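Chains as they are written, first to last, in this note's numbering: chain A, 1 to 365; chain D, 366 to 587; chain V, 588 to 819; chain Z, 820 to 1094.
Do not rely on the hints blindly, as some may be mistaken.
Unchecked claim - Okay, the calculated beta carbon distance ranges per label pair:
#	chain 1	residue 1	chain 2	residue 2	range
1	V	I642	A	E215	35 to 43 angstroms
2	A	K138	V	W656	36 to 44 angstroms
3	Z	V933	D	F380	45 to 53 angstroms
4	A	G137	V	I599	44 to 52 angstroms
5	Z	Q923	V	I664	44 to 52 angstroms
6	A	L117	D	S535	25 to 33 angstroms
7	Z	F845	A	S211	22 to 30 angstroms
8	V	W656	A	E215	47 to 55 angstroms
9	Z	G855	A	L336	58 to 66 angstroms
10	D	L391	V	I599	51 to 59 angstroms
Claimed, not checked - Calculated cross-link-like contacts (lysine-lysine; reagent style DSS-like; alpha-carbon spacing at most 27 angstroms):
#	chain 1	residue 1	chain 2	residue 2
11	A	K135	D	K536
12	Z	K1034	D	K585
13	Z	K984	A	K105
14	D	K438	A	K135
15	A	K161	Z	K981
16	A	K43	A	K88
17	Z	K1091	D	K585
18	D	K537	A	K138
19	A	K105	Z	K967
20	Z	K1056	Z	K1083
21	A	K113	Z	K1083
22	Z	K850	Z	K900
23	Z	K862	Z	K981
24	Z	K1056	A	K113
25	A	K113	A	K163
26	Z	K901	Z	K981
27	Z	K1034	D	K402
28	Z	K967	D	K438
29	Z	K967	Z	K1034
30	Z	K1056	Z	K920
31	D	K536	A	K138
32	Z	K900	D	K585
33	Z	K1056	Z	K862
34	Z	K981	D	K438
35	D	K438	Z	K1091
36	Z	K1091	A	K163
37	D	K585	V	K652
38	Z	K959	Z	K984
39	A	K231	A	K163
40	D	K438	Z	K862
Keep in mind that the hints were calculated from the coordinates and are not lab data. Bear in mind the structure is a predicted one, so any value in this text is a computation, not a measurement. Idealized CB from N, CA, C, for every residue including glycine.
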Amino acid sequence: MKRLLIFGLLSLFLLPLGAQTINVTDVPWDDGKALDFHWDFPKQPDSLWLCLQDAQANNTRIEIPLSKAGTQRIGELSPGETYSFLLKAYWGDERERFAAIASPKAAWFYLHKWLFLLLLLVICGAILGYIFAAKQGKDFFIRRINGLDSMEEAIGRATEKGKPILYVPGIGDLDDIETIASLTILSHLAQRCAEYNTDLIVPCRFSMVLSASREVVREAYQKAGRLDAYKQENIFYLTDDQFGYVAGIDGIMLREEPAANFFLGSFYAESLILAETGFSTGAIQTAGTAQAHQLPFFVVSCDYTLIGEDLFAASAYLSRDPQQLGSLKGHDFGKLLVILLILIGVILEIAGITWLKDLITGALA
Amino acid sequence: MLSFMQSISPMLSSFMQIFGIWLSALFTLSIFSFLYKDNPFYKFAEQVFVGLSAAYWLVYIIHSILIPNLFAKLIGDFGGNAILLIPAALGLMMLLRLHPNTQWLSRYPMAIMIGTTAAISLLRYLKSDILFQVTATMINPLGGETTGEIVGNFLLILGTVCGVFFFYYSKKQEGIYKVPSKIGIWFLMISFGATFGYTVMARVSLLIGRLEFLLRDWLKII
Amino acid sequence: MKRNTPLIFAFIVGMLVILAEFIPHRPFGELTSTLENWFMIISGFAILLGQISLIRVNSHIIYHKESNWQYHLAGMISFFLMLIFGILWGMQESIGLLGHGERISQAIGMKPFDYLFEYAYMPLSSTVFSLLAFFIASAAYRAFIIRGFESNLLMITAVIVIIGRSSFGSMLTASLPEAYRFWHIPRLADFLMEYPNTAAQRAILISAGLGIVGSSLRIILGIERSYLGGDK
Amino acid sequence: MKLSARTERQIIYTLLIIAVGLPLVFPIGWKTEVSGYTEMAYKLIEETPAGNVVLISFDYDPSTITELQPMAEALIEHAFKKNHRIVATALWPMGVQMAEKAFQEICAAYPNKVYGEDYVNLGYKVGGMVSIQAMGRNLKEVYPVDSKGTHYDELPILQNIKRLKDFAWIASLSSGVPGLKEWVMVAHDTYGIPVTGGCTAISAPGFFAYVNEQKQLTGILGGLKSASEYESLIDRKGTATSKMDAQSIAHLLILVFIAAGNLKVYLSRRRKRNA
């Protein structure tokens, strides 16, 4: 404590002397852990020696470049604590000492991130705005998803041939949003199946998915007024095991030869086994997943593929659920914003103006 | 007895090593037997795998999370770490999910975990997968050094913009709007082709690894 | 009440994390840091929960002698064997309840836990996915048939990449003159990966990223609550 | 001649085994060419000054050992050659054992490297992205002890390491979630540390979008081929290179299958048309 006092007094005494030569400032808009140390001598010194003392009187030597004038940022400090600086400068035999006191302050906002915050608020605001508008009953337009065209074709073919339709809701459990989206589509398909009196087979991997699927299909048959045609035993549990599940479905495809297969939900390594077997039985195949790695296998061996977001869009399109619909519109707003930003950015870059890109990159630092 | 144990120890150890390799080979072939059809060997190997994997996770969760980050801290300096009783209690509430009557209590730790993950994902995805990708696409296509790079840069910009437009659902894809969407799907197809090629590479690699084990460690052909 | 209070918790922690991203001042950074450490401990218990329910499901199957119960019994035996080994003698350099078990390790060459890992877990884990090499080969023959323009685009790219990522590809076009180097197959494959592929992947990242932002936002604000499960 | 689907499949499987097995028994020794992204990763490590502490995260399990283990070994060897000091972590529990194996393998050739001074295995932590973020604030809170139970403060290598920012580069070997993506998002995009890494070939195309002007990723190794490229860059006779022959032959075989399949369909269509 005593040492600190002496150091402090010394600094006070020397302060007026060094005021114009050295200067310590707080780094603005930061977490209060850094100070900027500036120095400016009339002539080039031969050597410089800077020492920093914290409130507990611990001294740390700080390396600074040997130059006539400069600024050194000192980090890793504690916010609010007072730090004393002592700089010794040598010109041959001549020596001078300068001292300064400063304390770093924590700000209430990272100013450089303002654009990041603004974009966050704009995108989130758009999503929320659309959700609330949808909940108020506003009906938004969503284009028809191409992959869904298969539904009518599939039902038509199945009715004509008198064969069932196979629907696989993916290998995800009920906490997976892809499975949820898949069940929405299943509900729609089941209703059409009920209307045309076509059998619908739904093998499930998890018991939770099983009960949800039964619920969904039963409801759909009820809506179509054909509850009598609903066959609970067609919606069944196969096994929890990933490959065992696929082997089971393979067996069904070879035995029953469904007229149409639907693989919608989350799929992993098993996608290609399913798609291959289905392809070889000649069924009309529709697949959809958000797992980008698996899409190639579906694209080559299925007639229709819902790619990534398509799966969720299809679910929103069919269910008209305000939450899904509003969200999707919000995302669309974001996509438009992204496209616009990219196009403006590219034009500016070609013109040699890097202002916009620097602005966004700066906000992300 | 002890000296007897010691004297056979090297023999036992080399026996155990050979036994281990045979065990590995047995398990490897059992899994491969699925290629013929689903059979008892495969089912057995599969369940052993599930069991071992679960035990491994359990042991490591206890050893590397619960002991050092919770129990050791609480035992070492209870006063200083008493606040850790809160996550410990929340963790125990998580386990109450197993019983239907106490299941509702697990919603609190769940809400905290999901809330934290959601907020972190929101920030990170917005930054890394959206905004950084936007600035990475803001390039001067003419800035490339070779013709290949210039063409590539144009494709990069075109593909990104059209690809994003492909996932735009608020407009019917008719007339002029059909064009970017079509281009977008072409780019997606090229990318899927690349993924396809890479997947072939990955799966073949894994097979090479297993065959190498069978040929080198087990049969000692190589 | 049972349903809404957790939603408030999710809201508070979510907002805290978001605010801490923009506010450098105390106490946001410290609070978030504490929250992150708690998160780790709670996740530890969550994984524990997973393993316990696995035991529950399996013992149910074994007790009621449901189909294939014998295999589940084998699974449970291996589970407990590995667990007990791990707890008693630890693994690798970590110590267990009974110390390092030097005598046993000497007899079998390594710790029992590591032995099971090396000779049972490793081969099982690495073989399961190598099965897919066979499936890919048969799919290549039976399903990858040239059809429309779009799937052709996919197939052509795939073929270039498959050749380009083998040693064979570089030999095939090694003799091309310098002016045509662009068409050298490994280069062509790299070009496809670096530009068109990157463009498409970027589009996927952006649109999927927006989806994640949307669902995260709905969770934080309590609009999306399906993760809490049914009301019971 | 008409073959049943089952026979066809059996022929395909057998051919594949032969195509992969033969080159393993009789190696050919084809050379590979180094691609740009592998070189980028190599340069990052090559140009980092000696003495720096670096972090390698083992985010995989034995199922992808053939692809990722050679990368791990090559990265460790390269870092040792450049006298970087390595801190190993794992976001997957099995990663701890993978790290141990890799160090064992490389330390045999570098007997003077001391545990605790030149390298350390911190072990596994749950939580993925959240844990990485916590490491960014305070590494010791996340890792009070290493995988052997030694306290953080007793490990000389960690003396000047307080948080992620103190590492010169970070590499993640990743076969899924959590893994490289989380490291990019937090370690690079939030804390600004150069991140590189290796992944299985399946996820490689998805990571290419991060290799850009912003250097979200500084190069990437995707699959066995990149591993063998890296081995050739550091002059290492590693396991990836020896497997590339088998890989190349199998690739050719798959192409033959695609061609044969298409030919078959074409012929049967023509026959139908003629009939």
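Agreement of K537 of chain D and K138 of chain A with the hint, judged by alpha carbon distance not exceeding 27 angstroms: 19 angstroms, holds
Compare the distance between the alpha carbons of K967 of chain Z and K438 of chain D with 27 angstroms, and conclude whether the hinted pair is satisfied. Answer holds: K967 of chain Z to K438 of chain D is near 16 angstroms, not above 27 angstroms.
Holds or violated: K981 of chain Z to K438 of chain D, with C-alpha atoms at most 27 angstroms apart: Satisfied, since the Cα-Cα distance of roughly 19 angstroms is no more than 27 angstroms.
Range hint 25 to 33 angstroms: satisfied by the CB atoms of L117 of chain A and S535 of chain D? Since the Cβ atoms of L117 of chain A and S535 of chain D sit about 26 angstroms apart, the hinted range of 25 to 33 angstroms holds.
If you draw a straight line from the CA of K438 of chain D to the CA of K1091 of chain Z, is it 27 angstroms or shorter? 76 angstroms, violated
Does K161 of chain A pair with K981 of chain Z here, judged by a C-alpha cut-off of 27 angstroms? Between K161 of chain A and K981 of chain Z the Cα gap is close to 70 angstroms, so the pair fails against 27 angstroms, i.e. violated.
Taking 27 angstroms as the top limit, are the C-alpha atoms of K1056 of chain Z and K113 of chain A close enough? 48 angstroms, violated
Verify the CB-CB distance for G137 of chain A and I599 of chain V against the hinted window 44 to 52 angstroms. 31 angstroms, violated
Does the Cβ pair K138 of chain A, W656 of chain V satisfy 36 to 44 angstroms? About 55 angstroms separates the Cβ atoms of K138 of chain A and W656 of chain V, which means 36 to 44 angstroms is violated.
Quickly compare the C-alpha distance for K984 of chain Z and K105 of chain A to 27 angstroms and report which way the hint goes. Holds, because 22 angstroms separates the two Cα atoms, which is no more than 27 angstroms.
Are K231 of chain A and K163 of chain A close enough, with their CA atoms no more than 27 angstroms apart? 15 angstroms, holds
Agreement of K967 of chain Z and K1034 of chain Z with the hint, judged by alpha carbon distance not exceeding 27 angstroms: Distance of about 35 angstroms is beyond 27 angstroms: violated.
In this structure, the earlier hints numbered 1, 2, 3, 4, 5, 7, 8, 9, 12, 14, 15, 17, 19, 20, 21, 24, 25, 27, 29, 32, 35, 37, 40 are contradicted, and the remaining ones agree with it.
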